[in-house]
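The whole structure should be built from the sequences, with the hints applied where relevant.
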Amino acid sequence: MPLLADVTLRHPPPGARRRTAGSTLARRFLGNGMVGLMSQEAPSRLRLHDLQLAQANRTVLEHVDGRFRDGATTALIGANGTGKSTLIQGIMGMLKPVAGRVECTVPRERRAWLPQQLALDLTFPMSVEELVMTGSWPSHGAHKGYCAHHYRRGREVMARLGISHLAHRPLGELSGGQRQRALIGRTLMQEAELLLLDEPFANVDTETVDVLMTVLRDMAASGVTLIVVLHDMEQLSRLADEAVVLANGHAHWTSPQTILQGQISVASAATLSLGMPGVSA
Amino acid sequence: MIELLHEWLVAPFDYGFMRRAAVGGLALSLAAPPMGVFLMLRGMSLIGDAMAHAILPGVALGFLLAGFSLPAMSLGGILSGLLVAMLAGSVSQMTGHREDSAMASFFLISLAAGVMLVSLGGSSVDLTHVLFGSILAVNSTALILIAAISSVIVITLALIFRALVVECLDPLFLRGQGTHGGLVHGIFLGLVVLNLTAGFQTLGTLMAVGLMMLPATTARFWSKRLEGLIGIAVVLAMVASTGGLLLSYHLSIPSGPAIILLAGVGYMLSALFGRHHSLLARLRRHAAPLGAPEPH
Numbered sequence: 247m248p249l250l251a252d253v254t255l256r257h258p259p260p261g262a263r264r265r266t267a268g269s270t271l272a273r274r275f276l277g278n279g280m281v282g283l284m285s286q287e288a289p290s291r292l293r294l295h296d297l298q299l300a301q302a303n304r305t306v307l308e309h310v311d312g313r314f315r316d317g318a319t320t321a322l323i324g325a326n327g328t329g330k331s332t333l334i335q336g337i338m339g340m341l342k343p344v345a346g347r348v349e350c351t352v353p354r355e356r357r358a359w360l361p362q363q364l365a366l367d368l369t370f371p372m373s374v375e376e377l378v379m380t381g382s383w384p385s386h387g388a389h390k391g392y393c394a395h396h397y398r399r400g401r402e403v404m405a406r407l408g409i410s411h412l413a414h415r416p417l418g419e420l421s422g423g424q425r426q427r428a429l430i431g432r433t434l435m436q437e438a439e440l441l442l443l444d445e446p447f448a449n450v451d452t453e454t455v456d457v458l459m460t461v462l463r464d465m466a467a468s469g470v471t472l473i474v475v476l477h478d479m480e481q482l483s484r485l486a487d488e489a490v491v492l493a494n495g496h497a498h499w500t501s502p503q504t505i506l507q508g509q510i511s512v513a514s515a516a517t518l519s520l521g522m523p524g525v526s527a
Numbered sequence: 106m107i108e109l110l111h112e113w114l115v116a117p118f119d120y121g122f123m124r125r126a127a128v129g130g131l132a133l134s135l136a137a138p139p140m141g142v143f144l145m146l147r148g149m150s151l152i153g154d155a156m157a158h159a160i161l162p163g164v165a166l167g168f169l170l171a172g173f174s175l176p177a178m179s180l181g182g183i184l185s186g187l188l189v190a191m192l193a194g195s196v197s198q199m200t201g202h203r204e205d206s207a208m209a210s211f212f213l214i215s216l217a218a219g220v221m222l223v224s225l226g227g228s229s230v231d232l233t234h235v236l237f238g239s240i241l242a243v244n245s246t247a248l249i250l251i252a253a254i255s256s257v258i259v260i261t262l263a264l265i266f267r268a269l270v271v272e273c274l275d276p277l278f279l280r281g282q283g284t285h286g287g288l289v290h291g292i293f294l295g296l297v298v299l300n301l302t303a304g305f306q307t308l309g310t311l312m313a314v315g316l317m318m319l320p321a322t323t324a325r326f327w328s329k330r331l332e333g334l335i336g337i338a339v340v341l342a343m344v345a346s347t348g349g350l351l352l353s354y355h356l357s358i359p360s361g362p363a364i365i366l367l368a369g370v371g372y373m374l375s376a377l378f379g380r381h382h383s384l385l386a387r388l389r390r391h392a393a394p395l396g397a398p399e400p401h
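As you go down the protein sequences, you meet chains A and B in turn. The number in our numbering is simply the position in the first sequence, starting from 1, with 246 added. The number in our numbering is simply the position in the second sequence, starting from 1, with 105 added.
Since the hints were made in silico from the structure, they are not lab data. The beta carbon of each residue, even a glycine, is placed where N, CA and C say it ideally should be. It cannot be assumed that every hint is accurate.
Covered by chain B, per the in silico footprint, the following chain A stretches (three or more residues, Cβ under 8 Å) [as the list claims (entries may be wrong)]:
#, region
1, 349-362
2, 370-376
Over the 12 Å line for every Cβ pair with chain A, so calculated as not near, a few chain B residues [what the hints assert, rightly or not]:
#, residue
3, A177
4, G226
5, S256
6, L334
7, L385
8, P394
Next comes the structure, spelled out in structure tokens:
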């Protein structure tokens, strides 16, 4: 696939190497290269327009311009506190932008978000199958009964995630990895078109990581737009098609390869916004 | 033997007031325990108690204005219960304090106001009636009211059931689906108020919450599934309300406390001998071997 970010990075705007204040730089950085180029590219159901997001009156991100390609997996990368979760909340419409806007043509009920701190009440007496079946909400709502066809789909989803044997197990008795599989199962039932995952592989064993990677790759292949917060380099190389580095209140679209080639380490990604090392490929 | 059983269990229901009280109790036993199960699962077991106090001033006001008229007292109870629930909710939203602290403040104010109102307008006998209920007072109007409210509760609960379950389990998911979780929560609290109002006639305002919470907390010792919890709680409530009425008849004790104490005995026994988490279950730890089929 064309790595648009490379193009941008090879031709940094003149100011990119100067240590200018982040905001003007980022606007030029993204405005000149990326946005112009990308608008002729693959379709996108999710675009951010000069977005500014704040938590409790403190601006976390500003001048975020960009788009997430349909059917691609975009990794969100950044140190703690750089605004990964804030950006996700903004995209999900849980956080009202201070300025700019999120343009998302995915209907609300087809967007799914698995936050790191789950709001899930694990003491609630519900089985894995029942949790997966709640993913039918977009098609069934609060009242329509589930038919045999839907139960069959639920079982297929569980089989795909390797949790068929846990169908009747209460949620409270699951391991972290099993729970994560069940929750991904719910998004599959939901037929999510936009899936945002906040560190989905934290506290999960390698086998679960493999299963989830396969499922997520299949979802992307079928056209789902995936945005995944990642910290692990190996997971980045295996999963991501594109990467967005968050630093100093700005977002920078780049390619996983650029990061993986070691020119930009995630730890030093913060310097990216200042046009520091590794920008020229 | 048969005669003795007949005398103890059947003969009391020859009286009309016992029959009406029993039917009212059974109707309440269908509606109240599911509410209690949801309150318990949301960690709001004590909210029911707070709500029970909240309906008191309205009941008292109805009593002052219209005498011992159940519709007037019920209407007052519903209104003051809803008012307190909304006030507590909005105060906690405005101040950012937790809802339970606002609720605690309001229910104490309500209790004081209610007791004050009753003693202003009536005697201590009236106060006992309102606080602890009286089976003798269940006439046909009361019975119809109880049955109607119970039906409304059961039907509404069936309508919001899935939304309520998803809201309890994962409010964020429901919000993402564009369904207002707060609305579901509000309807649910409204049902709790309705339920307590329906119950105060036989059980009294303070005891009505017992038929809601005790069967629910008892059921937790016997089932780990939502359907199981609700089913068991309903059966327990039916046994307790009928048994309590019989005890109250034979031993000449107030009906409300008799019903709730019987449910309480069930709770204690279950805590000792129940299937899950009880003292006995703790002593006799048992685990299925690896590879055994999953229990349904």
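**Asked** With a cut-off of 8 Å between beta carbons, are at least three residues of the region 370-376 of chain A near chain B?
**Response** With 4 residues in contact (Cβ-Cβ under 8 Å with chain B), the coverage given for the region 370-376 of chain A holds.
**Beyond 12 Å from each Cβ of chain A, as asserted for A177 (chain B)** = Consistent with the label, A177 (chain B) stays out of reach of chain A, its closest Cβ about 35 Å off (over 12 Å).
**Request:** Determine whether the non-interface label on L385 (chain B) survives the test: each CB of chain A must be over 12 Å from its CB.
**Result:** Answer for L385 (chain B): holds, closest chain A Cβ roughly 21 Å.
**Request:** Mind verifying the non-interface call on G226 (chain B)? Its CB should be farther than 12 Å from each CB in chain A.
**Result:** Correct as stated: the minimum Cβ-Cβ distance to chain A is 44 Å, above 12 Å.
**Prompt:** Taking the closest pair, is the beta carbon of S256 (chain B) still more than 12 Å from chain A?
**Reply:** holds, 19 Å
**Request:** Quick one: see if chain B covers the region 349-362 of chain A, three-plus residues with Cβ-Cβ under 8 Å.
**Result:** holds (count 6)
**Request:** Examine each Cβ of chain A, and state whether all of them lie more than 12 Å from the Cβ of P394 (chain B).
**Result:** holds, 15 Å
**Asked** Per the stated criterion, does the least C-beta distance between L334 (chain B) and chain A lie above 12 Å, as a non-interface residue requires?
**Response** violated, 7 Å
Hint 6 alone, counting from the list given before, is not met by this structure.
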